[in-house]
Amino acid sequence: MSKEEKGGLNGVVKTFRNLPGFWRASLNPWLIRVRNHPERLAFVLHRVTGAIILFYLLLHILVTDVPAYHHSWSSWQSLMASFNNPANHIGEFIVAGCVFYHGLNGIRLLLTEFFGVCIGKPERPKPPYIPPTAKSCQRKLLYAVFILAAIFWVLSGLIIFGVWG
Amino acid sequence: MALSDLKAATKVPPKEVTIRIRRYSPTTGKTWWQEYKIKPHRGMTVLDALLEIKAKIDHTIVMRYSCRMGVCGSCGMIINGMPRLACQTQIAEVATENNPVITLEPLYNFPVLRDLLTDFTNFFEKHRSVKPYLLRNDEAEREEPYDQYIMSPEEYLDIYEYSLCISCGLCYAACPVAAADPEYLGPQALAYAARYVLDVRDEKPEIRLKIVDTEHGCHRCHYAGSCSMVCPKIVDPAQAIQRLRHILYKWKLGMWRKKTARTASAPKVWKPRKPLPPEVKPVRPDIDYEAIEKEPVTIEVDGIKITLRHLIPTKADKMFGEERKRAEAQSS
Amino acid sequence: MGNASRLAIWQYITAIILIAVLTGHLIERFPPVTHQSYEQSLSPSTFYSRLKGAWGIGLLLLAYVALFHGLNGIRGMLYEWLPGRRREKVWDALFWILFIIFASIATYTVIALPAPTLPK
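Top line first, the protein sequences correspond to chains A, B and C.
Following my numbering, the numbering of the first sequence begins with 1 at its first residue and continues without gaps.
Following my numbering, the numbering of the second sequence begins with 1 at its first residue and continues without gaps.
Following my numbering, the numbering of the third sequence begins with 1 at its first residue and continues without gaps.
Source of the hints: derived by calculation from the structure; they are not laboratory data.
For each residue, glycine too, the CB sits at the ideal point set by N, CA and C.
You may find that some hints are simply not true.
[To be verified] Now the in silico label distances, taken between C-beta atoms and shown as ranges: (1) A:Pro38 to C:Tyr108: 39 to 45 Å; (2) A:Ala144 to C:Gly58: 45 to 51 Å; (3) A:Arg124 to B:Glu295: 51 to 57 Å; (4) A:Asn84 to C:Ile100: 56 to 62 Å; (5) A:Phe161 to C:Ala112: 30 to 36 Å; (6) A:Pro38 to B:Lys250: 25 to 31 Å; (7) C:Trp55 to A:Arg124: 50 to 56 Å; (8) B:Glu125 to C:Ala112: 54 to 60 Å.
Required output: the full structure, derived from the provided sequences and hints.
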């Protein structure tokens, strides 16, 4: 860190820090323009959905504690009644989408990062020079994650907005 | 994939391209965009265009380059938003007749010294920090090896891809984690660590696994895969880091033991040489092959007869000067 | 040096537990399985029987595991966003403090939940 701030060539030359920064890297999947690269989008979505879910989880734990905290169920029922409005349903719908995407992509990341499978095998580079990461089955898994998460999201929307069930 | 379009060199580039360069002056500390117009020819690379601008329009542009053929890894820069090697990028690949603008920026995540020139000091320090060399139990033997390490073709192929790295820094520039965290080891250093951890000739993987097992080591990778997508040598650092991490977890849980190469040494005492098998007998015993070989061969070219000398060397062939002349006279 | 993988391994172990327990938790509110409407599945009696039964331990485990997984994920992001030795100690402390506070709230909920007196 200190070296970076002092600048290159042992601090002799004043350098310009060309870092895009945390927010641009975490929120913009098109920070570098590479064609056919859904993993970067998956990375950004995983971060954003994770943050939303954590925010919801903390609220969820606090809300669930209400009847135990007040030692009565009347506060719980009034709270649930106040939650029954469209704005809250939309929020719930967004959280449901986040959970489905984060969970399904999490399975893919578990397989690749923790178990070290689905990442392809090293090979001799040959035309058309596509890296094994882009050819391996994790890419197919990723497309499956996008499709399944979308299907589950639509189903959860049907339940949340009272169309089904 | 820096080489995504293999037929780019056969395409015709636009008649005139505008090259926008993000420039930086260390004396004033200012950055600005500057535009140059050039007329490219077929097969012209971005580096050629930069050199033409430097030669004919503005000699104050600063960039790093050396081999001009994608081997040294010096000319990495952001070309139209993607980290690429300028020498391996055809103008026809990045500019079209409808959009003849090429935007050049210095590599992201590196301190910029001037214009397109970036400072690789930290990058190489991180590379050195993972000990990118073979570690052996016997250090004296490592420095002056007297044996050979046995490595099968499969074991070689396992690390061959990672050993192609030219340290151009494109993966580091593409990495979303390195974009925020300057202490992160980066895809290049981690891929190199994986390359030596997986190498059967290396005997001390624990040292390297401890180096990458930090908060700014391999756990910060989130498999965005951008490093592999921009690598000009198809090194695939993303795959290497996942394999390294998998090994690290297995090692931490006591489930991984490294397979190391045996050494193949030359025998201390030379055994007597095996005698050669007896010579093969002539196919037809009625022909004297030696006599045929001694016969001069005469061929006719355009009516002129040329006599070729016999193929078995005579005594005269082994002599020189006066001695040879005398021997030749005697034989004739 | 060399101990970061402890938390990282737990991040993956909690993820594996989450997949199983969270699926169960989501099915709890899936009308075709519970034969209750979406709103009905939050009634005090259902809620009480869910938390006080054997599944209550599963839900408590879900709370711990999800808290660890989520807060550790945010801790990793803070390491990236604002690195530095002193700051990193603050992030570690913040992680454990938040984890203990919210884990104890969740435990209290399961232990001290009063029986619903209202009719269904």
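The hints, checked one at a time:
The beta-carbon spacing between Pro38 (chain A) and Tyr108 (chain C), approximately 43 Å, falls within the hinted interval of 39 to 45 Å. A hinted range of 45 to 51 Å is violated for the C-beta pair Ala144 (chain A) and Gly58 (chain C), which are about 28 Å apart. A hinted range of 51 to 57 Å for the beta carbons of Arg124 (chain A) and Glu295 (chain B) is consistent with their spacing of about 53 Å. As the Cβ distance of Asn84 (chain A) to Ile100 (chain C) is approximately 33 Å, the hint placing it in 56 to 62 Å is violated.
Judged by the Cβ atoms, the range 30 to 36 Å given for Phe161 (chain A) and Ala112 (chain C) holds: they are separated by roughly 34 Å. For Pro38 (chain A) and Lys250 (chain B), the hinted distance range of 25 to 31 Å is satisfied, since their beta carbons lie about 29 Å from each other. Taken as a hint, the range 50 to 56 Å holds for the pair Trp55 (chain C) and Arg124 (chain A), whose Cβ atoms sit roughly 53 Å apart. The hinted window of 54 to 60 Å between Glu125 (chain B) and Ala112 (chain C) holds, with their beta carbons roughly 55 Å apart.
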